[in-house]
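Trainee: Taken in sequence, the protein lines are chains A and B.
The first sequence maps to residues 1 to 354 in my numbering.
The second sequence maps to residues 1 to 354 in my numbering.
Careful: at least some of the hints might be erroneous.
Which copy? The list can't say, so a pair holds if one copy fits it or any two copies do.
Said to hold, decoys possible - In silico lysine to aspartate or glutamate, DMTMM-like type, Cα no more than 20 Å apart, as pairs:
1. Lys189 x Glu238
2. Lys244 x Asp220
3. Lys281 x Glu209
4. Lys190 x Asp277
5. Lys303 x Glu344
I should point out that these hints are in silico values taken from the structure, not numbers from a laboratory.
Listed below are the residues making up each chain.
Protein chains: 2
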Amino acid sequence: MILEDVLIVDPVDGQYIGTIEFEEKIEGIIRKSDVTSTKSENILFPAFVDPHIHGIRGIDTMYASKEDFLKFKECEALEGVWRFFPTTVTATFERLAQIQLPDEPEGFKLHVEGPFISEKRKGAHNAKYIIPPVNRLFEYVQPATIGLITMALEWENFEEFANTCTESGIKVSIGHSNATFEQARWAYKKGYTRLTHFPNAMSPLHHREMGLVGAGLYFDFVVELICDGLHVAPEFIELIYRIKGADKIMLVTDSISAAGLSDGHYMLGDLDVYVNDGIAKLVDGTIAGSLLTFSQAVRNFHKFTNCSLVELAKVSSYNTCLNLGIKGGRICEGYPAKFVLLDENLQVKKTIGF
Amino acid sequence: MILEDVLIVDPVDGQYIGTIEFEEKIEGIIRKSDVTSTKSENILFPAFVDPHIHGIRGIDTMYASKEDFLKFKECEALEGVWRFFPTTVTATFERLAQIQLPDEPEGFKLHVEGPFISEKRKGAHNAKYIIPPVNRLFEYVQPATIGLITMALEWENFEEFANTCTESGIKVSIGHSNATFEQARWAYKKGYTRLTHFPNAMSPLHHREMGLVGAGLYFDFVVELICDGLHVAPEFIELIYRIKGADKIMLVTDSISAAGLSDGHYMLGDLDVYVNDGIAKLVDGTIAGSLLTFSQAVRNFHKFTNCSLVELAKVSSYNTCLNLGIKGGRICEGYPAKFVLLDENLQVKKTIGF
Numbered sequence: 001m002i003l004e005d006v007l008i009v010d011p012v013d014g015q016y017i018g019t020i021e022f023e024e025k026i027e028g029i030i031r032k033s034d035v036t037s038t039k040s041e042n043i044l045f046p047a048f049v050d051p052h053i054h055g056i057r058g059i060d061t062m063y064a065s066k067e068d069f070l071k072f073k074e075c076e077a078l079e080g081v082w083r084f085f086p087t088t089v090t091a092t093f094e095r096l097a098q099i100q101l102p103d104e105p106e107g108f109k110l111h112v113e114g115p116f117i118s119e120k121r122k123g124a125h126n127a128k129y130i131i132p133p134v135n136r137l138f139e140y141v142q143p144a145t146i147g148l149i150t151m152a153l154e155w156e157n158f159e160e161f162a163n164t165c166t167e168s169g170i171k172v173s174i175g176h177s178n179a180t181f182e183q184a185r186w187a188y189k190k191g192y193t194r195l196t197h198f199p200n201a202m203s204p205l206h207h208r209e210m211g212l213v214g215a216g217l218y219f220d221f222v223v224e225l226i227c228d229g230l231h232v233a234p235e236f237i238e239l240i241y242r243i244k245g246a247d248k249i250m251l252v253t254d255s256i257s258a259a260g261l262s263d264g265h266y267m268l269g270d271l272d273v274y275v276n277d278g279i280a281k282l283v284d285g286t287i288a289g290s291l292l293t294f295s296q297a298v299r300n301f302h303k304f305t306n307c308s309l310v311e312l313a314k315v316s317s318y319n320t321c322l323n324l325g326i327k328g329g330r331i332c333e334g335y336p337a338k339f340v341l342l343d344e345n346l347q348v349k350k351t352i353g354f
Numbered sequence: 001m002i003l004e005d006v007l008i009v010d011p012v013d014g015q016y017i018g019t020i021e022f023e024e025k026i027e028g029i030i031r032k033s034d035v036t037s038t039k040s041e042n043i044l045f046p047a048f049v050d051p052h053i054h055g056i057r058g059i060d061t062m063y064a065s066k067e068d069f070l071k072f073k074e075c076e077a078l079e080g081v082w083r084f085f086p087t088t089v090t091a092t093f094e095r096l097a098q099i100q101l102p103d104e105p106e107g108f109k110l111h112v113e114g115p116f117i118s119e120k121r122k123g124a125h126n127a128k129y130i131i132p133p134v135n136r137l138f139e140y141v142q143p144a145t146i147g148l149i150t151m152a153l154e155w156e157n158f159e160e161f162a163n164t165c166t167e168s169g170i171k172v173s174i175g176h177s178n179a180t181f182e183q184a185r186w187a188y189k190k191g192y193t194r195l196t197h198f199p200n201a202m203s204p205l206h207h208r209e210m211g212l213v214g215a216g217l218y219f220d221f222v223v224e225l226i227c228d229g230l231h232v233a234p235e236f237i238e239l240i241y242r243i244k245g246a247d248k249i250m251l252v253t254d255s256i257s258a259a260g261l262s263d264g265h266y267m268l269g270d271l272d273v274y275v276n277d278g279i280a281k282l283v284d285g286t287i288a289g290s291l292l293t294f295s296q297a298v299r300n301f302h303k304f305t306n307c308s309l310v311e312l313a314k315v316s317s318y319n320t321c322l323n324l325g326i327k328g329g330r331i332c333e334g335y336p337a338k339f340v341l342l343d344e345n346l347q348v349k350k351t352i353g354f
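Here chain A stands alone, though its shape is the one from the complex (with noise of 0.2 Å):
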């Protein structure tokens, strides 16, 4: 097949007009003029990956079917997102082992938030659950289906597990955390150099004890943002990025599935989430997640940073490929042939390939 003279987006080659062949993966580009415009009716990005997603339109990863699987696939690839992680709340080992993945070679590790993780910062997971961690999850949750676990490091034994962990090929998040500064950096110094919803959950910059969102901007830290503009005030995402730069940026929705639906009454794994106005709370007032959809996060990390395209294609993919090992993200010879094709307004027109 045969794209013409569209405007072509990847993070490494830099943009420009081109006309690209491909079938499963990509044949041949020609490189026809470059361009400094992002004016295009036809943009030509990398297909989005989302690393952190528990829902959408009523389907929630927690009590999901084989069937709401290949469902919650199509959902996403309207947003243009081809590879995405199937996420997790914190729940009994029993209740995790119930969650069936479809049978499909590639695409569908599930992103495993909790229950390790911090009482202090649990955001919107149920405390009961809590525990350290514990090599006992793999014989409830096979390591091959895990792509990512998110963690807080402030547990005695967090360095042996999340040696097994690495060693089992699944890529250790530190979320949901109420680690010191010091502790993050002995984390960062380790090679633990992934932190989930950046600065959501963790615990705060004081000028004294710069805690985890303190080491996030120190250290070179690559983190995910929800860019809903609820999460984190707009403006802090911009200085984020003026810190830390596009390269450590990558975008996630942690939408719930309300996303997409209307207000009303949603379950969050088993706790009860209310949505008012396009925000999800539990009853207590805490943010439950995200009604975020991809594109929307993109053309929102756009307009809060007023970042150049090369930059978007980094942190809506790119970054995310070569934090987890996924051969993605590129459009360039010999890669998987998966595009997301954008108007000038970065709505989503079509997805290629998928």
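Once you've looked at the hints, dock chain B against the given chain A.
Mentor: Just chain B now, kept in the frame of chain A:
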């Protein structure tokens, strides 16, 4: 007089080996060779300026006689400080009226810290004297004797009073303030762009309400920094430097009368201060000013940030001179000949011209 072959550090012209001729003013400079090394046994800096200092070696602005102020000046000269702003604490107008500055044409303008501050962010100020801004202050303290006033910006009549200050030649600095991010945005746009001992005693950074700390990082405020490694973590100092750059930072000591003396019991205004292991605190544990000397602040900032000597000249004098309208902070023809000669460890060897 002539100084031959010294390493001259000027915030604008850079660093170079040169010979300088001067009387009261700098009359001529011969630039001999540029140098990139910071190692020299004779490093000539513009003399330092400290805009925020309560006291030193037993002298306290609130209790000082005219003679004490002259001794104050001698103590500061030992630190390489040429100009300083003796700083008051929150007190009644009657009490402030008792301060008798020496009859010198230049120098010795007060920094009036309080009483127009926030009770919620009072730090080591006595809450019982805090009041909203009121022009009556000037019936007790002549505007011409005030160089700088620190106040909270969330007072209803902030703008009216701040305008009066500006018209009287008094620089307004925002501090001891619980302002919101939006209030800080308003102040910044109105031209009130100076923050007192950032980020101490101000509304903290939260990811949804970024407070005055967030505003200080986000907007281009020029900020005082207490660089003792205790008031602000060294890594936070470095982060502020990385975010804001050396053009927007002014070193201050915020030192109290106990600075340069041994541990024991002291007063700050009418509050008891106990100094243990070099840290001054109120009975309730609140940090009560510093024991920092200015040359130590300079060495600390250099150590914490690894900045260049030219940047160090900016934060130790030039930026404050620009901010407060003082002709100084430069080693350049026509400027006052006020220098401090440092050795390769940035220890003061001698002061020249004062």
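Trainee: Quick one: Lys189 to Glu238, C-alpha cut-off 20 Å, is that within a copy, between copies, both, or neither?
Mentor: between (26 Å within a copy, 18 Å between copies)
Trainee: Cα distance capped at 20 Å. Does Lys244 pair with Asp220 within a copy, between copies, both, or neither?
Mentor: Classified as both: same-chain Cα gap 7 Å, cross-chain 18 Å, threshold 20 Å.
Trainee: At most 20 Å between C-alpha atoms: does Lys281 with Glu209 qualify within a copy, between copies, both, or neither?
Mentor: For Lys281 and Glu209, only the inter-copy Cα distance (18 Å) is at most 20 Å; the intra-copy one is 29 Å.
Trainee: Pop the pair Lys303 and Glu344 into one bin, within, between, both or neither, using alpha-carbon distances up to 20 Å.
Mentor: Within one copy only: 13 Å inside, 48 Å across.
Trainee: How would you label the pair Lys190, Asp277 (within, between, both, or neither) given a Cα cut-off of 20 Å?
Mentor: neither (43 Å within a copy, 34 Å between copies)
The structure fails to meet hint 4 from the earlier list, while all remaining hints are met.
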